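Novice: These are the residues of each chain, in order.
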Amino acid sequence: MRYQERGWRQMPLDKEELGRRLKHAREAVGLSQEDVATQLSISRGALAQFEAGAKAPNSLHLVRLAEIYRRGLGELLAEQFDEAARDPLTALFRADTQLASDRERARAVAECVKLCRECTNLEKLLGVDQDRAYDVNYNPPPMRTRWDAIRQGERLAELERARLRLGEDPLTNLAETLEAQGVRCIEMSLSENISGLFLSDTKYGPSIIVNEEHVARRRVFSCAHEYCHVLVDRERGGLVSRTENREDLPEVRANAFAAAFLMPEAGVRAFVRRLGKGEQSRSQLSAYDETQVVEGQRRREAHSQDIQVYDVAHIAHHFGVSFETALFRLLNLKLITDEERVQLAPQKESASSIMRFLGPEPDAKGPEHKPFRHQLVLLAVEAYRREAISRAKLKELCELAQVLPGEFKSLVATVEQEPEKGQSGRGAYVPRA
Amino acid sequence: MEKDANGRLLVVADSSFLINFLVLDRTDLLGRLTKFHFHIVNHVRAEIRYDDQCARLEAAVENGVVTEIEITEPSEILLYDELRQFLGDGESASLAVAVSRRWVIAADEKGRFRRELFGRLGENYLLDTAGALVTAIKAGVITLGQAEALRAQLRENRFEMDPRPFDELLKEG
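Just so you know, the sequences run in chain order A and B. In terms of the numbering used here, the first sequence opens at residue 1 and continues consecutively. In terms of the numbering used here, the second sequence opens at residue 434 and continues consecutively.
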């Protein structure tokens, strides 16, 4: 493909060309000079001068501009400038203007994406990135109805469970399972009506952000939901899952996927059988000897097979999902009727107390438990130990991951106790002209 | 190795070096090392966060002890961007300036930073705090005893230099 066809611009990089690129990048994210100047704490006139090529911006300005325009700094200064380049975050904010207009949250999302990218960078420096290559693509046919969406979601869940060899058991740590697939999972505070979002970044891999304000079981469900988007909606660049979009077919599919992924059919049926439930009240078996048939019958006590609120609570607790998710899964698997579901649904409070009796939430660790941030920090410490990054870079990464100064000192102490490698033994360095 | 019009070696100081003199409140020493002309990149200035240190740095800039510079050359910014993958902000900016302009770099970072510096410029382009104090002793700016006292003060602030006494370091330097 020729550069011109893709919107590439190949020009020697002087002040004028840099100015043109900055103007183009600003317009691409739909910001006015006034907006950007305010964010940069400079006058609108100064920004106009940069864009007109009358004055060259310094590196501090450019770093900030690249962040605001969601472009790499190197990209703005490269010999060839791709005018059509779209950062996945830009695509996400374009698709969800509500999130984009919430400045504080949009900034927090951008910060999370930065963390994900730093993590990928560390993996590259440590040479572990190749183990996390992610290229699964199911390419399902277009959905026409909600029925199609639900069937597709359930089928995809079966296929993905089989591919990952997860068997029929509950997923004890979904985030870790997905991390092993190269999918970054991170939690942050989002509006109540947003359960999560996903971003597909061709350079840094897919990321999932889940609303940390929601209860643990809902977060697990949201994580599985977003994983479905990662698997089949990647070409959209990014999606925000909002309550008000729940009837959109990709959302219906992702919800069906999440339920089936967290509660695999065979696993649910086996669990229900172990509870002594799920059979028909009257069963008949036949033995045929090539000439005649012999029949055996079993009739169960009336209502012995009825699934009760404590059974649903037990199933929900076992698979780490909410009471409601378990109810709908049982309905879809025809283990309960819709009439039974309607009767059971209002008993949510009883179900909650039974679930509390059965034990703690599946991942009910304290608010300080941030697996992704911890993983990033430990990778950074290892990179520092191997001299793949400097101490200052380690400090920056720890600040980004919200490590407290005291915690940073303890972490660094574990590495700095070792004798330093590569020292020439010189006590003082003085240059000689 | 570049020099200014007065024959002084052009030096760009990273915060790991600069901060020692700010902690000691002895930026005057940098001004009295007439062999060197010290500069800081605005990225480094942004890394100085404590009020007392900011005030001392501002005074040093005003008195001409240290000259603040910006990076506007695209090739330097690209180098800065490359170094940011594995170095901190201020040290990436300082090293980008040192490498592209062939200036001396004043820094106390070791590990990856020093490896990059030695690989790109060589050991002779490094001035560290111990080296600056050795130069100050040689120039008669401070005595051996004063240098040891400064070392002790820095140790209290968790900065460890080579433990050998300065008279030994003098022979080496």
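Source of the hints: derived by calculation from the structure; they are not laboratory data. Given the structure is predicted, the values throughout are model-derived calculations rather than measurements. Some hints here could point you the wrong way.
Unchecked claim - In silico lysine-lysine, BS3-like type, Cα no more than 30 Å apart, as pairs:
1) Lys124/A to Lys409/A
2) Lys543/B to Lys395/A
3) Lys436/B to Lys604/B
4) Lys436/B to Lys15/A
5) Lys604/B to Lys571/B
6) Lys543/B to Lys436/B
7) Lys436/B to Lys55/A
8) Lys15/A to Lys114/A
9) Lys114/A to Lys203/A
10) Lys277/A to Lys334/A
11) Lys348/A to Lys395/A
12) Lys114/A to Lys334/A
13) Lys543/B to Lys124/A
14) Lys114/A to Lys409/A
15) Lys15/A to Lys203/A
16) Lys114/A to Lys436/B
17) Lys409/A to Lys543/B
As the list claims (entries may be wrong) - Far from chain B, some chain A residues (derived; all Cβ distances over 10 Å):
18) Gln39
19) Ala52
20) Gly72
21) Thr90
22) Asp129
23) Trp147
24) Glu179
25) Arg246
26) Glu339
27) Glu396
Every residue, glycine too, gets a C-beta built ideally from N, C-alpha and C.
Novice: For every hint, state whether the structure bears it out.
Specialist: Here is what the structure says about each hint:
no. : hint                 : verdict
1   : Lys124/A to Lys409/A : 25 Å, holds
2   : Lys543/B to Lys395/A : 14 Å, holds
3   : Lys436/B to Lys604/B : 26 Å, holds
4   : Lys436/B to Lys15/A  : 28 Å, holds
5   : Lys604/B to Lys571/B : 10 Å, holds
6   : Lys543/B to Lys436/B : 25 Å, holds
7   : Lys436/B to Lys55/A  : 27 Å, holds
8   : Lys15/A to Lys114/A  : 28 Å, holds
9   : Lys114/A to Lys203/A : 13 Å, holds
10  : Lys277/A to Lys334/A : 13 Å, holds
11  : Lys348/A to Lys395/A : 46 Å, violated
12  : Lys114/A to Lys334/A : 44 Å, violated
13  : Lys543/B to Lys124/A : 22 Å, holds
14  : Lys114/A to Lys409/A : 23 Å, holds
15  : Lys15/A to Lys203/A  : 28 Å, holds
16  : Lys114/A to Lys436/B : 40 Å, violated
17  : Lys409/A to Lys543/B : 17 Å, holds
18  : Gln39                : 16 Å, holds
19  : Ala52                : 16 Å, holds
20  : Gly72                : 8 Å, violated
21  : Thr90                : 20 Å, holds
22  : Asp129               : 13 Å, holds
23  : Trp147               : 49 Å, holds
24  : Glu179               : 22 Å, holds
25  : Arg246               : 41 Å, holds
26  : Glu339               : 61 Å, holds
27  : Glu396               : 6 Å, violated
Taken one by one, the earlier hints fail for this structure at numbers 11, 12, 16, 20, 27, listed in ascending order.
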